[in-house]
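Residue numbers (this note's numbering), protein chains in the order written: chain A, 1 to 322; chain B, 1 to 263.
Because the hints were derived from the structure by calculation, they are not lab data. There could be a bad hint or two in this list.
Covered stretches of chain A (in silico footprint by chain B; criterion: 3 or more residues with CB under 8 Å from a CB of chain B, positions within the stretch not fixed) [claimed, not checked]:
| no. | segment |
| --- | --- |
| 1 | 84-91 |
| 2 | 123-135 |
Below, simulated BS3-like cross-link-like pairs (lysine-lysine); rule was C-alpha separation at most 27 Å, straight line [stated by the list, open to error]:
| no. | chain 1 | residue 1 | chain 2 | residue 2 |
| --- | --- | --- | --- | --- |
| 3 | A | K178 | A | K226 |
| 4 | B | K73 | A | K172 |
| 5 | B | K73 | A | K134 |
| 6 | B | K170 | A | K12 |
| 7 | B | K193 | A | K69 |
| 8 | B | K73 | A | K109 |
| 9 | B | K258 | A | K74 |
| 10 | B | K52 | A | K134 |
| 11 | A | K138 | B | K52 |
| 12 | B | K179 | A | K77 |
| 13 | A | K12 | A | K25 |
| 14 | B | K73 | A | K3 |
| 15 | B | K73 | A | K112 |
| 16 | B | K258 | A | K138 |
| 17 | B | K52 | A | K109 |
| 18 | A | K77 | B | K97 |
| 19 | B | K170 | A | K74 |
| 20 | B | K73 | A | K55 |
| 21 | B | K168 | A | K77 |
| 22 | A | K135 | B | K258 |
| 23 | A | K141 | B | K52 |
Cβ atoms here follow ideal geometry from the backbone N, Cα and C, with glycine treated the same way.
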Amino acid sequence: MLKIENLVKVYKDVRALDGLSLEVKEGQIYGFLGPNGAGKTTAILSILGMIFPQKGRIEVLGEEVFNGKFDEKKLIKVKYRIGYMPENATLWDFLTPMQTLDIIGEAFKMSKVERQKRSEELLKLVDLWDARNKKVGKLSKGMRQRLLLAQALVNDPELLILDEPMSGLDPKGIAEFKELIRQFNKGGKTLFFSSHILAHVEEICNTIGVIVKGKLRAQGTLNNIKREFLRKTGYIILIETSKPVKIDLDAKVEVIDANRYKITASRDIREELHDLIALQGAKVLTMQVKEPTMEDIFLHLISSPQSRFSGEIFKSFNHTYK
Amino acid sequence: MYTHVFLGIKDTMQGSANPKILIGHITTSTYIPAGILTLLLGATSINDDISKGTAEIIISKPINRVVGYFVHKFLGQSIVITGALITSTLFSISIAKCYGLHMSERMIENVFLITLLTLLAMIQLLALGYLISLIIRSPNIALGASLVLFLIISFILPQIVENMAENKAKDEFGISGWKDYSSMSYEEIERYKERIDELQREYDLRFLFYAPNIQLLDIAGDLEGTAVNNIITHNLSRIGIMIGLTLIYLILGLAYFKRMDLR
Chain A
1 MLKIENLVKV YKDVRALDGL SLEVKEGQIY GFLGPNGAGK TTAILSILGM IFPQKGRIEV
61 LGEEVFNGKF DEKKLIKVKY RIGYMPENAT LWDFLTPMQT LDIIGEAFKM SKVERQKRSE
121 ELLKLVDLWD ARNKKVGKLS KGMRQRLLLA QALVNDPELL ILDEPMSGLD PKGIAEFKEL
181 IRQFNKGGKT LFFSSHILAH VEEICNTIGV IVKGKLRAQG TLNNIKREFL RKTGYIILIE
241 TSKPVKIDLD AKVEVIDANR YKITASRDIR EELHDLIALQ GAKVLTMQVK EPTMEDIFLH
301 LISSPQSRFS GEIFKSFNHT YK
Chain B
1 MYTHVFLGIK DTMQGSANPK ILIGHITTST YIPAGILTLL LGATSINDDI SKGTAEIIIS
61 KPINRVVGYF VHKFLGQSIV ITGALITSTL FSISIAKCYG LHMSERMIEN VFLITLLTLL
121 AMIQLLALGY LISLIIRSPN IALGASLVLF LIISFILPQI VENMAENKAK DEFGISGWKD
181 YSSMSYEEIE RYKERIDELQ REYDLRFLFY APNIQLLDIA GDLEGTAVNN IITHNLSRIG
241 IMIGLTLIYL ILGLAYFKRM DLR
């Protein structure tokens, strides 16, 4: 659906994209996560041909649109199948939502009847039907965001690219927006969604890519990334036993109190722990692995520049393209 | 737009169609506000779209960034300016007639010719504005810069060139102070004035070829006593420079925009 390989973009002395590689597969909701200034928008604008990277390759919907330079014909061809919602963009204040969608429909060479039908559908979908004849300049921030989403859906895109779509929305607006995204994905459509807000990505996306300083530091499903994080940083296991035991395993053991222990291991040693405790005639009353949150992972990736986690997707990607 | 010009003529000359007065009024009272507005319109055309994100929305759609966006936007704004100029000219003529100003056929021809030349000047300023809007990313800074540029091109540099022409004429006529004027005959003073005019037109073409208002005034100077259809052939170099500069600004802008990062 979308492949980026070794993309480099340098602005004067800032390396905004430093060999970025990622892959989005069909039907995924891909959360493109990174702190402010990590290169998220630069990557998105490169995909759309608005920014000229110096190096790399971009393949969208099976078409190689960039390989050192843009192929304008292919780029225009794939834009018929892409929807894009920019961050904090202003639509034309003097138009109504209906007129806005009509103009966007014209860009896709849709007939007047098609435009009218699609505009009605979308305005109902984003709950702007009642405000269809109001000037855009008079709409609230949330309504304008919904209209921005609607304009990205005019061509019923196969790939929807959203750049920080929920920034500036109130909690109600965010909840509505998330629901719209889920509805869109239900039809098997692919979403590429950038954000610096962890909770949004964690809740909506089934695949995550973390970009830091123009490089992808992690990619995969949330579970894969968490597993990888635990593998690299160590598993923290909290256990409570029926009587004091001696834990003689390749792990750091801290005694919290008489029968409770905190064990830090480089791998998942829960089964070995069970066996060891049983051998000593004790019972495991409770055992839990401390789950890392997305925030733990994100902060770890930002603070340690060399860290790089990968889930299955990233591994296969590396295998194919390295 | 021109109504007050016509009424001014009516008040002072009662229906006279003296083109020099007409043109003088039009270029000073119409060109300046219309020119500033046009330059400002151009200077915020692209950068404002980029800063508001509307350029991102448009170019994310299947349209060519050069033809579909830049050229169409320029043509659209040019059509609006053309429509505004022609409509306001027709409206002004109607108002002037309502107020009882006699307008000869020649006067109407002159007004339309000047409107077309003003339009050419406006398109040149619009193209210059586009170039500014591509170079200066902040719309507010671009507004200020284009205003300053307009003042320099339209007032400061012409004044400097006018002084140059006058000094050269003074040298040629051996005038060094006020007392030299009193010793000159009427014919000498007339020849001296003609020489200043001649030098100024020459210098305008050489040093102020980029100032559309100056070219407009020089072309307008030919209106008196010249058939309308001959004015263009008499001023091909000046009209050519106006069209040529417009094309140069546009080509530079297009070349820059084609490779420009839109953020």
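Each hint, compared with the structure:
For a cut-off of 8 Å, the count of residues in the segment 84-91 of chain A with a CB near a CB of chain B stands at 7, and the three-residue condition holds. With a threshold of 8 Å between beta carbons, the proposed coverage of the segment 123-135 of chain A by chain B is violated, since 0 of its residues qualify and at least three are required. With a CA separation close to 23 Å, the supplied pair K178 (chain A) and K226 (chain A) stays within the 27 Å bound. As the CA atoms of K73 (chain B) and K172 (chain A) are separated by approximately 38 Å, the hinted pair breaks the 27 Å bound.
For the hint linking K73 (chain B) to K134 (chain A), the alpha-carbon distance of about 25 Å falls within 27 Å, and the restraint holds. Proximity of K170 (chain B) to K12 (chain A) is assessed by CA-CA distance (about 53 Å); at most 27 Å being required, the pair is judged violated. Simply put, K193 (chain B) and K69 (chain A) have alpha-carbon atoms about 61 Å apart, too far for the 27 Å limit, and the pair is violated. A distance of roughly 18 Å separates the Cα atoms of K73 (chain B) and K109 (chain A); the hinted pair therefore holds under the 27 Å criterion.
The hinted pair formed by K258 (chain B) and K74 (chain A) meets the criterion: a straight-line CA distance of about 16 Å does not exceed 27 Å. For the proposed pair K52 (chain B) and K134 (chain A), the alpha carbon gap of about 20 Å is at most 27 Å, so the pair holds. Using a Cα cut-off of 27 Å, the hinted pair K138 (chain A) and K52 (chain B) holds, with the two alpha carbons roughly 16 Å apart. For the given pair, K179 (chain B) sits about 78 Å from K77 (chain A) by alpha-carbon distance, which is inconsistent with the 27 Å threshold.
Restraint check: the Cα-Cα separation between K12 (chain A) and K25 (chain A) comes to about 33 Å, which exceeds 27 Å; the hinted pair is violated. Using a Cα cut-off of 27 Å, the hinted pair K73 (chain B) and K3 (chain A) is violated, with the two alpha carbons roughly 33 Å apart. This hinted pair checks out: K73 (chain B) and K112 (chain A) have alpha carbons roughly 22 Å apart, not beyond 27 Å. In summary, the hint linking K258 (chain B) to K138 (chain A) is not supported, as the alpha carbons are separated by about 34 Å, beyond the 27 Å threshold.
Our distance criterion of 27 Å between C-alpha atoms is met by K52 (chain B) and K109 (chain A), whose separation comes to about 25 Å. Between the alpha carbons of K77 (chain A) and K97 (chain B) the distance comes to roughly 56 Å, so the proposed pair goes past 27 Å and is violated. Straight-line distance between C-alpha atoms of K170 (chain B) and K74 (chain A) comes to about 66 Å, which puts the hinted pair past the 27 Å bound. Among the hinted pairs, K73 (chain B) with K55 (chain A) is inconsistent with the structure: their alpha-carbon atoms are about 31 Å apart, more than 27 Å.
Of the pairs offered as hints, the one joining K168 (chain B) and K77 (chain A) is violated, with about 63 Å between alpha carbons and a cut-off of 27 Å exceeded. Distance restraint check for K135 (chain A) and K258 (chain B): the Cα-Cα separation of roughly 33 Å exceeds the 27 Å cut-off, and the hinted pair is therefore not satisfied. Simply put, K141 (chain A) and K52 (chain B) have alpha-carbon atoms about 14 Å apart, close enough for the 27 Å limit, and the pair holds.
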